[in-house]
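What follows is each chain in one-letter form.
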Amino acid sequence: RKEVEQDPGPFNVPEGATVAFNCTYSNSASQSFFWYRQDCRKEPKLLMSVYSSGNEDGRFTAQLNRASQYISLLIRDSKLSDSATYLCVVNDMFSGGYNKLIFGAGTRLAVHP
Amino acid sequence: EAEVAQSPRYKITEKSQAVAFWCDPISGHATLYWYRQILGQGPELLVQFQDESVVDDSQLPKDRFSAERLKGVDSTLKIQPAELGDSAMYLCASSPPHNSYEQYFGPGTRLTVT
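Those protein sequence lines, which keep their order, are chains A and B.
Our numbering puts the first residue of the first sequence at 1, with every later residue one more than the last.
Our numbering puts the first residue of the second sequence at 1001, with every later residue one more than the last.
Next up, chain B with everything else stripped away, as it sits in the complex (with noise of 0.2 Å):
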C-alpha cells in the first residue's frame, strides 16, 4: 500500500537553528498539505500546496517558516531561526484528485526545540 513518507522522524535543534522537513506524497496525489499537531490539539494546517503551487499559506508563520515543492513532487518545510514555541509534530498529507476529503498523512517528524 502506497504511502506517504516523511524525513527526519524526530529532530531536537537549539532555538535560534535552522531545521528542515521533508516529504514524499503518494504518487500521483497532486495535493499535498503541511500541518503542525501541538499536544493535546488537533492538526492545524500550516501550507496547502496544488501541484507546485501555493493555495493556501494563512497560517503559516512567514517571518521564519518557508515551504516549497518545486517540481510539485516532494516537498520541504523549513523552519529558521527555530523557536522554543515550534516544539510540535509535523505531518504531511496528500489527497487524491477529485477527492481532497480524504487525507493519507505521513508518519510526521516530531520537533523538540530546545
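Isolated chain A (complex conformation) (with noise of 0.2 Å):
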C-alpha cells in the first residue's frame, strides 16, 4: 500500500465550477501535510499546509481529518489558470529528528472554457 494515495483523475471542470480532491495517508504518526501544485513539465511549489481546523486561502480551502487519516483540497470557481497537478504531501519524521515529505502520484485538474 502507498503511504499517500490519490485518485490521478482527470478530472475536467468548466470555469466557475467546484471541485474537490482526496487523499488517504497510511502513517497514523504524520505530524503535517501539505497540498503542492505542479504544472505540466515544470516542479512542484507549495500551495498551502493543511490544519485539522482547516485553513482557507482564497478560493482554496484545506482540510484533514486525522481519525480518519483523509486531507482534502477544496477549489471554488475554477479558473483556467487553476489546471495543473495537485500533489498530497505529508511530513514523516525520522531518525535524527529530521523531516521527510511523502508525496502522492497527484490529482490531474483540467478546467475548460
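Hints should not be assumed to be uniformly reliable.
[What the hints assert, rightly or not] Not close to chain B: a few residues of chain A, all C-beta gaps over 10 Å, as computed:
#, residue
1, Val13
2, Asn22
3, Ala29
4, Ser53
5, Asn65
6, Ser72
7, Ser81
[Unchecked claim] Facing chain A, according to a computed beta carbon distance under 7 Å, are these residues of chain B, among others:
#, residue
8, Gln1041
9, Pro1043
10, Val1055
Read the hints as simulated data drawn from the structure, not as lab findings.
Because the structure is a prediction, the values reported are computed rather than measured.
Glycine residues also receive a C-beta, built at the ideal position from the N, C-alpha and C atoms.
Using the hints, build the complex out of the two chains.
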C-alpha cells in the first residue's frame, strides 16, 4: 500500500465549478500535511498547508481528518489557470529528528472554458 | 526572487554511460534534497543533506547513484552506469532553516536513457 494515495483523475470541470480532491495517508504518526501544485513539465510549488481546524486561502480550502487519515482540497470558482496536478504531501519524521516529505502521485485538474 | 538552479535542463545519454547533475540551492538554505519523479508519479526522495552531511539516503540506489555536497552549498548527483529505468525528472529542492516543510524546487533535469 502506498503511503499517500490520491485519485489520479483527470478531473475535467468548466470554469466556475467547484471541485474537491481527496487524499488518504497510511502513517498515523504523520505530523504535517500540505498540498503542492505542479504545472505540466514544471517543478512542484507549495500551495498551502493543511491544519486540523481547516484552513482557507482565497478560493482554496484544505481540511484534515486525523481519525480517518484523510486530507481534502476544495477549489471554488475554478479558473483556467487552476489547471495543474495537485500533489498531496505528508511530512514524516525520521531518526535524528529530520523531516521527510512523502508525495502522492497527484490528481490532475483540467478546467475548460 | 531567489531560485534553486539546476543544470543541465535536459540530458540524453546511452545506457551504461555516466551522467551528472548539478544543483545550487537558495542562499542560506542548509537542507538540500534530490528527488526523482517518474512520469505520472509524485517526487520520490533520493537523498537529503543537512549542510554537507547526508541525513537520509535510504532510497538512493547506491550501487549506481552517488551524491555529494562537499562545501555544504551546491551539490552533484551522479549515475554510473545509467540504465533505461533511470529515465525520469531529477529535481533538486532546498528549504530554509527552521522550516523544512516548505521546499523550493529547481526546474529539474529531464534525463532520457536510450
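Do the hints match the structure? See the list:
1. Val13: holds (21 Å)
2. Asn22: holds (15 Å)
3. Ala29: holds (16 Å)
4. Ser53: holds (17 Å)
5. Asn65: Per Cβ check, A:Asn65 is outside 10 Å of chain B; nearest 20 Å; holds.
6. Ser72: Per Cβ check, A:Ser72 is outside 10 Å of chain B; nearest 17 Å; holds.
7. Ser81: holds (19 Å)
8. Gln1041: holds (5 Å)
9. Pro1043: holds (5 Å)
10. Val1055: With a closest approach of 5 Å, the B:Val1055 hint holds.
In this structure, none of the earlier numbered hints is contradicted; all agree with it.
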